[in-house]
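Chain by chain, the residues run as shown.
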Amino acid sequence: MRLRVGIDVGGTNTDAVLMSDRELVASFKTPTTEDVTSGVVTALGGVLGGAGGLGSGVAAVMIGTTHFTNAVVQRRDLAPTAILRLGLPATQSLPPMVDWPDDLREASGNHSYLAKGGLEFDGRPISPIDPAELRAIARDIAARGLENVAVSAVFSPIKPEAELDAIEILREVLPEARYTASCQIGRTGLLERENAAILNASLRVLGGRIVGAFRQALADFGLQAPLYFTQNDGTLMSAEYVERFPVLTIASGPTNSMRGAAFLSGLKEAIVVDIGGTTSDIGALHYGFPREASVAVEVGGVRTNFRMPDILSIGLGGGSVVSEQPFGIGPRSVGFRLSQEALVFGGRTLTATDLVVAGGLAAVGERERVRHLPADLVEKGLGWIQEHLSASVEKVLLSPEPIPVIVVGGGSILAKDAIAGLPVIRPAHYQVANAVGAAIAQVSGETDRVYALSDLPRERALEEARFLATQAAVDAGADPATVEIVDVEDVPLAYLPGNATRIRVKAVGEVQLA
Amino acid sequence: MRNIELADLEDIALGAAVLGAGGGGDPYVGKLMAQAALRAGGPVALIGADEVGDEDLVVPVAMMGAPTVMVEKLPSGFEVMQAFGALQAYLGRSVRAVMSMEIGGLNSTIPIAVAAHEGLPLVDADGMGRAFPELQMVTPTLHGVKATPMAICDEKGNAALLETIDNHWTERLARSMTVDMGGAAMIALYPMLGKQLRPSVVRGSISLAQQVGRAIRSARVERRDPVAGLLGACPGALLFEGKIQDVSRQTDGAFVRGRVRLEGIHASRGRDFQIEFQNENLVALCGGEPVACVPDLISTLDLETAEPITTERLRYGLRVAVVGLPADPQWTSPAGLELVGPERFGYRFPYRPVRELLPASGRA
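Heads up: the protein sequence lines correspond to chains A and B, in order.
Counting in our numbering, the final residue of the first sequence is number 514, and the numbers go up one at a time with none missing.
Counting in our numbering, the final residue of the second sequence is number 878, and the numbers go up one at a time with none missing.
Calculated directly from the structure, the hints in this document are not laboratory data.
Just so you know, these numbers come straight off a predicted model, no measurement behind them.
The beta-carbon is built from N, C-alpha and C at its ideal position, and this holds for glycine as well.
One or more of the hints may lead you astray.
Which chain B residues face chain A? A few, computed with CB under 10 Å, are given here [as the list claims (entries may be wrong)]:
#: 1; residue: V543
#: 2; residue: L571
#: 3; residue: G671
#: 4; residue: R773
As a list, the in silico DSS-like pairs of lysine-lysine whose alpha-carbon atoms are at most 25 Å apart [said to hold, decoys possible]:
#: 5; chain 1: A; residue 1: K159; chain 2: B; residue 2: K670
#: 6; chain 1: B; residue 1: K757; chain 2: A; residue 2: K116
#: 7; chain 1: A; residue 1: K380; chain 2: A; residue 2: K268
#: 8; chain 1: A; residue 1: K29; chain 2: A; residue 2: K416
#: 9; chain 1: A; residue 1: K395; chain 2: B; residue 2: K757
#: 10; chain 1: A; residue 1: K268; chain 2: A; residue 2: K416
#: 11; chain 1: A; residue 1: K395; chain 2: A; residue 2: K380
#: 12; chain 1: A; residue 1: K116; chain 2: A; residue 2: K159
#: 13; chain 1: A; residue 1: K268; chain 2: B; residue 2: K757
Partial pick of chain B residues on the chain A-facing surface, computed with a CB cut under 10 Å [stated by the list, open to error]:
#: 14; residue: Y542
#: 15; residue: T582
#: 16; residue: P589
#: 17; residue: S590
#: 18; residue: R607
#: 19; residue: M691
#: 20; residue: V693
#: 21; residue: G696
#: 22; residue: Q764
#: 23; residue: R829
Just chain A, same shape as in the assembly:
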């Protein structure tokens, strides 16, 4: 039996599921804890204990966690980081971290260096790398006691050596440092790619600690299974990979829910509404994957070019507070204190959940406690919820075709049987769709480079890009036999000779299980 454990750490709850191939065997929901890890341990105990000591049969554990997002947003646990950018004399008008919020720049230490190196769009060097200059920088980094180094170079996505060669020189002086090359993380767009590399470098100490803590938790359960983490495009990274690239886990939560919703419902084209305690995330599934956002995505106030799902988030969840004068619901929420503070649970706060129970749409807590609510208030509130969910679904819809709306998450009782005139589907185990999404996640690899199609025929360029994406997927832990190309995008670039074309390819495969 191939057992997998999926865990999703959300803002309110930590959910775990145990899956046998494609069957859900057990699930467990527990409040997210301050340290995150102990909540994960509880959830793990919930599913493994509940299944009668199945620990030894578990082939893999998949975790989606908010640790790294929280570290960036709250500016804590970020290690001091050096950033070296190669590209002089170009780029000096906008030094590294130029567009960062001051507090985040301080939190990562604000140590930046510019050096010669980098490439033109066609691969020519802007200026050759100067080893003596790099060694002097390495000595300064050493003198400052910095152990995390991010390296960016102009047009490095064309030729990673632009960064990797410099890292080899730094390593002579700083053999122990942890290096992050921007070309391994981001796409074309120097500032955005570099930002991601710096965030990653500053998260690596935390990454090592978190991965260590999870490994320990698994060991405590006698689990020998390999550990994977979900990343922002809904696919997996091995634990070793997370230690090197923790930044890629940011915003994996909404993606897990959407993938889980696709899996549980068996639908590939649908709208997913994930209703939690505080917010609802609405997104569109296309070929079973969340549609990606097309604009620059900010993380903790920093512009990046990550592969983020296009999610509309509204401040409406099961714990949203209802105010009567003037009338409104949310965005304030009682969050994870719902089971104490809502009226139906004997608390004193009127929440969206209370309205649903009073309206007879769900049986949660004690209905007696909300009998006193005026009928017109309940009706008005339920109408308000319906209108807001419908308007949000309308915004996310891709086409006039009537596609179903899959409702998942702990706050799903808020949704009626139709939203925006579309049929609502509540798949089995909808409460833990996010953990299911983690459990079933695949492994991906991506490449994004500029090719001169006058030198290399289009077919050869595409072939090379497919190869590189496949290789990246295998490096990230995919079973080579299952890797498929899922996305190819090529955009010709204006004003450049030689038919310069940007080619982006993404490959996805099943996890290589031992």
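The hints should help you fit chain B onto chain A, whose structure is shown.
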């Protein structure tokens, strides 16, 4: 005269992206450069074209080349100052003010950086009122103003001065130098005296960009419809609201040509709509009939936020509002249309002003 302060740049950059009509590059990098320059050099005086003395020399500056290169090979910051300095030295007299030649996109903010650095005022005007793909496509060309002498510089310190027989040759020669310089270069060109400038530029461009940007941003803050906010701030029409169904692109020489097909939503439901572009949006077709075309501005905006979407970023599934804004009247003269009208871009139909189409499109 008034000052451009640090806080104004956000609005100017956003408005400039709308006026880019799908091209001109993302003004983000230009905005950051102007921010740095204003922090170092203080606010920049913005003067009207009428405030420029008859014999005062004005020099426009710009980036030439691929915006996609600019977001990767960021400027050193010295190349544009070197281009400005080289042209000033060649002309042998002091420049009194700096100007933008292209308000659409990142060339709106680069001159602000130069003005701050040089301690000179910026003229509230430009040479296009939008973005166009080639450097002779400016209103001063219509008035016989020469692009040269022109300086072109890269970040390595290479500089060249051009003297050409006409503005088409300037475009041709400067374009090939730009490629050798790495796909993007900084230029100073169209040196003009106040008396030449006044009749030949598009006036009030910086203020218009700022107004448009402010209207969008305040609508967002106040949770009003930002697209409606934009159309309240400048003349223009909502041409279509829809979702992108398909984008196709191919290269044609140095330029990317393409077509985007939209499916209508809201009031546009059931209508078939297409936009054809060459870097910038050229023509909007409804049911196969042109409803707006160059030189009028056709801009695609995110339906919810009114964030302008450049043609490179158009992709399947985006929900957009398409707006049409009238071009400067100089462009709709016979000479203007000959330089930048639909026929110049290979279309067989004559120019149809978006202004006249306002009632037919239903909403303005």
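Hint check:
{"no.": "1", "hint": "V543", "verdict": "7 Å, holds"}
{"no.": "2", "hint": "L571", "verdict": "26 Å, violated"}
{"no.": "3", "hint": "G671", "verdict": "7 Å, holds"}
{"no.": "4", "hint": "R773", "verdict": "13 Å, violated"}
{"no.": "5", "hint": "K159(A) to K670(B)", "verdict": "21 Å, holds"}
{"no.": "6", "hint": "K757(B) to K116(A)", "verdict": "45 Å, violated"}
{"no.": "7", "hint": "K380(A) to K268(A)", "verdict": "34 Å, violated"}
{"no.": "8", "hint": "K29(A) to K416(A)", "verdict": "23 Å, holds"}
{"no.": "9", "hint": "K395(A) to K757(B)", "verdict": "10 Å, holds"}
{"no.": "10", "hint": "K268(A) to K416(A)", "verdict": "22 Å, holds"}
{"no.": "11", "hint": "K395(A) to K380(A)", "verdict": "23 Å, holds"}
{"no.": "12", "hint": "K116(A) to K159(A)", "verdict": "16 Å, holds"}
{"no.": "13", "hint": "K268(A) to K757(B)", "verdict": "20 Å, holds"}
{"no.": "14", "hint": "Y542", "verdict": "8 Å, holds"}
{"no.": "15", "hint": "T582", "verdict": "5 Å, holds"}
{"no.": "16", "hint": "P589", "verdict": "5 Å, holds"}
{"no.": "17", "hint": "S590", "verdict": "5 Å, holds"}
{"no.": "18", "hint": "R607", "verdict": "28 Å, violated"}
{"no.": "19", "hint": "M691", "verdict": "12 Å, violated"}
{"no.": "20", "hint": "V693", "verdict": "5 Å, holds"}
{"no.": "21", "hint": "G696", "verdict": "4 Å, holds"}
{"no.": "22", "hint": "Q764", "verdict": "7 Å, holds"}
{"no.": "23", "hint": "R829", "verdict": "6 Å, holds"}
Of the numbered hints stated above, those contradicted by the structure are hints 2, 4, 6, 7, 18, 19, listed in ascending order.
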